[in-house]
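In order, the protein sequence lines correspond to chains A and B. Just so you know, the first sequence maps onto residues 4 to 213 in the working numbering. Just so you know, the second sequence maps onto residues 4 to 213 in the working numbering.
Treat each hint with caution, since some may be false.
One copy or any two copies: either way a pair holds, since identical chains are not told apart in the list.
[What the hints assert, rightly or not] With a cut-off of at most 25 Å between alpha-carbon atoms, the simulated DSS-like pairs for lysine-lysine come out as follows:
(1) K67 / K188
(2) K24 / K188
(3) K188 / K129
(4) K39 / K119
(5) K119 / K67
(6) K129 / K67
(7) K39 / K24
(8) K129 / K119
(9) K24 / K67
(10) K129 / K39
Keep in mind the hints are simulated off the structure, nothing from the lab.
Residues per chain, in single letters:
There are 2 protein chains.
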Amino acid sequence: MAATSVLTRPRKQSRDATLQKADSLLAAAAVLIAEKGFEATAIRDVGRRLEVSLGGMYYYFASKDDLLFQIQHRTFTALLAEQERIAEQPGTPEARLHRLLTGHLAFFARHPNEMKICTFELESLKGDFYDRVLVVRRRYFRLLADVIADLTGRRERKPRGHDRHVTLFVFGMLNWAFMWYQAAKDGPVEAVAAEMLDLIVHGAAPRKRR
Amino acid sequence: MAATSVLTRPRKQSRDATLQKADSLLAAAAVLIAEKGFEATAIRDVGRRLEVSLGGMYYYFASKDDLLFQIQHRTFTALLAEQERIAEQPGTPEARLHRLLTGHLAFFARHPNEMKICTFELESLKGDFYDRVLVVRRRYFRLLADVIADLTGRRERKPRGHDRHVTLFVFGMLNWAFMWYQAAKDGPVEAVAAEMLDLIVHGAAPRKRR
C-alpha cells in the first residue's frame with residue numbers, strides 16, 4: 004500500500020476547505036506538469052504558484068508521486084462518474100455511444116491538462132498508485148466496450164480480439180483529439196462526436212459501395 | 004533560421020562515419036527522452052551513455068533543441084519516405100489504405116521511442132525547428148488524407164470539415180497504438196491494420212443493420 008495523503012486520511016474538521024485547497028493545488032500542478040513533464044516539475048514550484056510552502060505541500064500530498072496519483076485518480080474517477088450517468092440513460096446503442104463520445108470530448112475540453120497527464124504520465128505512476136489508477140481506467144474501458152458490444156451485436160462475448168481492438172480504436176480517435184481539437188475551428192464537441200459516430204457505425208466508404 | 008548542426012552542414016570527409024555516430028547518439032537520446040521527457044533530459048547524459056563528452060555532443064548537435072529537432076525531423080522524414088513508396092503502389096483505395104495502416108504500425112513498432120517523442124514532445128520544438136517538422140508532418144497527413152478521399156469518393160474536395168476529421172480519427176487509431184499494442188497479445192500489425200481498415204471502410208454495426 005502506498006503512502007496516503009491528507010486527502011485519503013479521515014479528518015474531523017475543515018475537510019471541505021482542505022479539499023478545496025487541494026483542488027487548487029492539483030489544478031496548478033496539472034498546468035506545470037502538462038507543460039514541463041512530471042520528471043522536470045518540482046513539488047516546490049507547484050506550491051510557489053499558489054504561495055504554499057514546501058511543508059504546506061507535504062500537508063496535502065505525501066510525496067510528488069502522490070500528487071501525480073491524485074491528479075490521475077481524481078480525473079479518471081470524475082470522468083467515469085459522469086460517463087456512468089450518461090451510459091445509464093436509455094436509447095439505441097448509436098444514441099448512447101454518441102452521448103458517451105460527446106461526454107468524453109467535453110470532459111477533455113474542460114480538463115485538457117489533466118487528460119494530457121493521464122496519457123503522457125501514466126507510466127510515471129509506480130506500484131500501488133499505478134494499480135489503483137488502472138482499476139478506474141479499466142472500468143471506463145469496460146463501460147465503452149459494453150456499449151460498442153451492443154452496437155456490434157456481440158454483447159454476450161467478452162470484448163477480446165476484434166471487439167477489444169474496436170474499443171481501442173475508438174479510444175484512439177477520442178484521445179488523439181488533444182493533438183488537434185479547437186472549438187473555433189472544429190465546431191462543438193457534439194458535432195465532432197456525430198462524425199466519429201458515423202465512422203464507427205457506418206464506415207467512410209460511400210453508401211453505394213456498401 | 005535556427006542554428007544548424009554538423010548533420011546539416013556540408014562536409015568534405017568522413018560524412019558517413021559522422022552520420023553513423025549521430026544515428027547512435029540520436030537513438031540513445033530517444034531512449035532517454037522517451038523515458039524521462041525532454042525537459043528532464045540533459046544533453047550530457049545522452050553523451051555519457053555512449054561515452055561521448057559534452058564537447059563531442061556539441062560537435063554533432065548545435066543545441067539540445069537541435070537534438071530534439073533531429074530526432075523528430077529524421078523520424079518523420081523516414082516514415083514519409085517509406086509511406087510514399089507504399090502509396091505509389093497500385094490498388095483499390097481499400098488495398099492502398101490497408102498497406103499504409105500496416106506501414107505506419109510497422110514503423111511505430113520499429114521506432115517506439117522516436118514516435119513517442121514525435122507525439123509527446125512536438126510542442127517542445129520552438130520556432131523554425133517546429134515549422135520544419137510541421138512541413139513533413141503536413142505532407143504525411145496529406146498522403147493519408149488523399150487515400151481516404153479516394154475511399155470516400157470525395158477526392159476533388161480539399162479534406163476540410165468531415166474528411167479532415169475522418170483523417171484525424173484514423174491518425175488517432177494509429178497513434179494511440181503506443182498505449183496498448185503488443186505483438187504477442189495483439190497479433191501481427193497486418194492483422195491489426197486489417198481490423199482497423201474494416202472499421203474505417205464498413206463501420207462496426209452488424210451487416211444486417213446497414
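Status of the hints after comparison with the structure:
1. K67 / K188: Close neither inside one copy (37 Å) nor across copies (33 Å); limit 25 Å.
2. K24 / K188: neither (35 Å within a copy, 43 Å between copies)
3. K188 / K129: between (38 Å within a copy, 23 Å between copies)
4. K39 / K119: both (12 Å within a copy, 16 Å between copies)
5. K119 / K67: This pair counts as both: shortest intra-copy Cα distance 18 Å, inter-copy 24 Å.
6. K129 / K67: within (11 Å within a copy, 29 Å between copies)
7. K39 / K24: Intra 23 Å, inter 29 Å, cutoff 25 Å: intra-copy only.
8. K129 / K119: both (18 Å within a copy, 20 Å between copies)
9. K24 / K67: Within one copy, since 17 Å is at most 25 Å while 37 Å is not.
10. K129 / K39: Both: 19 Å inside a chain and 14 Å across chains, each within 25 Å.
Taken one by one, the earlier hints fail for this structure at numbers 1 and 2, listed in ascending order.
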